[in-house]
Amino acid sequence: MDEERLRRIESVFHAVADLPADGRESILVRLCDGDEEVEREVRSLLAADKESDGLLDRSHDSIVRDSLGSEARASSTESGIQPGAAIGQYVIGTLVGEGGMGQVFLARDGRLERDVAIKFLTGELSADDKRRERFFREAKSASALNHPNILTVHEIGDHGDSHYIVTEFVRGETLKSRLVAGRIEPDEAIALALQIASALAAAHAAGIVHRDIKPDNVMIRDDGIVKVLDFGIAKLDPSVTSDVDAEAETRVGAATLPGMIVGTPQYMSPEQARGLRVDSRSDIFSFGVVLYEMLSGEAPFRGATNMDILGSVLKDDPEPLNEVIPDVSAELARIVEKTLRKDREMRYQHIRDLMIDLGDARKTLESEPVRRHRTTAEITQVTGDHAMVRSSLPTYALSAALVVVAAIAGYFMLRPAAHSSTVSDIRTAEVANWSSTPGETYSVGSLSPDARTIAFSSSRSGSMNIWVKQAASGEAVQITKDDGGNRNPIWSPNGEEIAYFSTKGGQSAIWRIPRLGGSAQIVKEVPDRGTRPRFWSKTDRIYYDAGGELYMTELTSLMETKLTELAGRGIRPRSLYIAPNESSIAFIDDENNKSAIWVTDINKTAPRKIFESDEQIKNLAWHADGNRLFFSATDDGTFQIFATDTAGSEPRQLTKTENDSLVLDSSLDGTKVLFGTAKEESDLWSVEIATRKETAFAANIDSEFWPDVSPDGKLVAYESVKNLSQGNKIFNGILMIAPESGTDPGTQLVTDACLPKFSPDGRTIAYAKLVGNKLKIETIPVSGGNTRRVSNDGVAPINFTVLPYNRINGADFSWSPDSRQIAYVSDAEENANVWLAAADGSTDTRVTDFGIEFAVSSPIWSPDGKKIAFLTKTNNLEGRPTFSVSLFDVETKRIDPIWSENSFIRLIGWSANGESMFLGIVTRGALSGMPDDVTLSRLDVAAKKAVETATLPDAYVHNMHLSPDHQTLAFAANRDGKDDIWILPVQGGAPKQVTSNNDPRRYFSSIAWAPDGKRIFFGKQSRFSLLSLLTNFD
Amino acid sequence: MNMRSTPITELLVRWNDGEDAALELLLPVVYDDLRRIARRAMRGQNSGHTFQTTDLIHEAYLKLAEGQRAEWQNRAHFFAVAARAMRHILVDYARSKQSVKRGGEARRVTLDETLTVSPDISGEIVQLNLLLEQLARIDPRKASIVEMKFFGGMTTEEIAEALNLSPKTIKRDWRFARSWLQRGMSSGGGGE
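First to last, the protein sequences are chains A and B.
The first sequence begins at 1 in our numbering and counts up one residue at a time.
The second sequence begins at 1 in our numbering and counts up one residue at a time.
These are computed hints drawn from the structure, not numbers from a lab.
Hints should not be assumed to be uniformly reliable.
The calculated lysine-lysine pairs, modelled on BS3-like cross-linking and capped at a C-alpha distance of 27 Å, are [what the hints assert, rightly or not]: (1) A:Lys469 / A:Lys504; (2) B:Lys171 / A:Lys176; (3) A:Lys538 / A:Lys604; (4) A:Lys504 / A:Lys693; (5) B:Lys171 / A:Lys50; (6) A:Lys469 / A:Lys679.
Model the full assembly from the supplied sequences, consistent with the hints where possible.
And the structure:
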């Protein structure tokens, strides 16, 4: 567009912009005078003029703040509303409750002459667009529920900057306070339970799950009518971070800890306790707990701490009710037992079935006149007492008196279309499974043209290679056997060959190989820019995705065509996919904390966004019709498979698996989808070196790893993560602290954190805390209490190997011997450098000045605290890395490089006298987390010379740790196919095995020495990979 | 670049005469200080203070202008330079975040793409910068106004002063430029 055109467009724009809509149209047409381009331009600009919530409309402060990554945010639970204020038709009365979400007032609706409860949201929620939007979406669906046993929502509105919800005002008491008086007789309990069930049935029918059924959320009105409150309110507690973190929403914890939520352990279903998706059957379990408590006066699952209660929920079968309370019939006891089964498949599946059984049980009661007489008398008396209590002490119970509905698990903006099959119709069949090997993450695979065979990449043989397996039966056959990191296999159109990407022999190329194996040939050399072959067409073209663009190579001419020009549009998609029609292209892009699917075509048509979500989107496969698309996206933190189409129809959920399901391919006849899942286990153990006796330290259903032992040897800090299946939640762990005996699971210190490290004086724990998208160093006293931010900016990316979980380099930050400072690596000023922060948070200074071409890692203090050793890595022009060890002198600030090497170095630590350092040098290996051949070297600091002291074949270089006296090295190695922990004197000698692992598929992670040097804590991890076919989804 | 050989006054005159490159030459004068002050301001915010970027620019102005009062014609001129500096800072920062996210730098060993945490508005900032470059080619004045307002946080009056235009013109230009950019942002493109 030239300047003159722009002037013309601009003048028309200004001429009509402020005209009222009805008059604008004719003037616009007249001014444009048949110039269609100008008219089109002006119309689109007028539309943009009206959009008022974009980046350009944000305040300068917020732009700078968010750009520079600060996360601090003004927060207040004060609504600023005062009694007596008039808000619309409401006159505000007394403050009757204050909860996590805001303040609740009794108010008078002047127009309708009735009392209402009005709740003002906290400033923080009001200021957060995404959460506010979700809040309103959910509040609106709740307000649509019209049922006598569900608290009515009258109105949702705005007042200035804050938002409020108006609900029915209930005078009565909660079931919780009712239970303080003791158990409830069976027939009254059933009467109350049926009302609760009726509320749940209505909600479930509308596709709404409550998620937090408990006695506090059940109001008994003075006239005996039950009102269920707080549908899904836990989801909206502001202490939950605003980032997409569905998992945290069901995570259990003490409500006092920041960032924790909530759910009430006593009433949680096992699946909820495990952080899995909840569905209507989870409500049935919680309902069963409430019913059990009503009938017996005691909650079925108990414990001193939340963790104990959860343990009980997961493991214990409650005592049969009729054995606890003789009044309860065997029939009623059986009903309760059926609601409390651990496996939700074995529970009542529908609340209606439960209601029918409860109704029958009530009839049985009524047919026993003697008992009925007695119980009725008691009830009269009990309710009489309560009536008195209530009238003298009216309980408004409104701290939570609003109904907000949880978007149900599995349907985040994804309500199934009417014609579609339900999840239960869809079939999955397992095609291949194996125990994963070190470093293995998700397998990538594809279906042969007849969909009878799959090809996939796996490192199950020790290195990443291509495997082929019949879908119906038989064993998987390994068809490539080299160390080229062979990946992304695709099938030739006749199903006879497989193409894949490989860097075999240092040559980065797409290769082809017969399906039954044989000799592989290079198709075309292509640089490795995340290169992934996607499709091999009947026209003998191979399409591949590289560096954010899609390319095509003609096999006959080897001519290459770049099919997209997205970088020019400022788009660098994560992955691209060509449809089998060889025209449509889809890609996944992340922008502004949202994931989106876009479509374009080989004519470079402007990309069109067809779906966008706050959830993460990963992997995509075209349906053969070139119109539909399958993709994986998170649902409550777990990847599930969805289907949509290029028209952007609302996606339909196809899976509800407990672990991540990642779509890999779709068959050419459109009837099958290939996807991968995995399940991981990770526990902490300790071994006594003298006796080689191993003891489980933390071995429950969650994944535990990365232990650190306190300097007095009494406590162990570690990280715990729920439902970990691909390392993606590793930064969102819960830090636990427990006695070293392992008898007590311990207490939670912090959430969304990782890497706990005790200070040398044993008083404090430093850790990395996920704040927004950065890991920042914080400290917390060992006894708990206030956390303190130590690093202003993020710690440079902490990387880890995936199986087993070991930190790469493993010294992301380190305490000074006097416990006063922490050295760490940050890329706060773009480049990675060593920073020194005072442990009390008072100072934070960059001490090195490396440019962008350097990777800096592993700062470690010398024993006398005078020097900090660290590692740098830089690549020469040919891309060959140089690793260097340097010393920073704390007093003179001088930096002294002391030694370099072209092989990978891990800086393990200092000798006791501070005169030398120990290095692990990888002499062979891929550094992918697989065991490598490592030499242990002693680097003389003064002489700047390294001497090899031991050779450690098949050792995990990222898991080598010095004993507290600096005399012994402990390391994990894989010998004879099994992981074990070995020790050897740092000066050299024969390694000694200290563990006795007999399971070849359990991998050992993260060693931590006890301070007396007599015991070692470590992780045991396993992973099971699965490829499956999805059918019958249409 | 040696600042002594290109006095601020001369550069400001050249910039007033329409030489956009002169503004680039002025950048080093403010860039480092702004970055440092911004960093400190962010730290202050962590300890509970509210962060005000206009304060930040004001502070940089006071410090820089003190010894060189004669050379800066007015505050507005300084702000215009600061706006360009802020644009560089924010866009560079957004780009570096983007490249971290894409694993674009060799030094970042990422084993699984899901391990990197997504950035916030960095993508949009980079996109806006591209669009602004396009706008500058067809209508440099509007691009300057956007830069001063969006990246520099300047008020309409300050921009008017710096550009020697009426506030009404600034408002009018901003409205059109905003719509033009907003349209580009919504369509997800950096092209026409």
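Structure-based check of each hint:
1. A:Lys469 / A:Lys504: holds, 23 Å
2. B:Lys171 / A:Lys176: Distance of about 60 Å is beyond 27 Å: violated.
3. A:Lys538 / A:Lys604: Since the Cα atoms of lysine 538 of chain A and lysine 604 of chain A sit roughly 22 Å apart, the hinted pair holds (cutoff 27 Å).
4. A:Lys504 / A:Lys693: Cα-Cα ~43 Å, so violated.
5. B:Lys171 / A:Lys50: holds, 16 Å
6. A:Lys469 / A:Lys679: holds, 21 Å
In the structure shown, a violation is registered for the earlier hints numbered 2 and 4, in ascending order.
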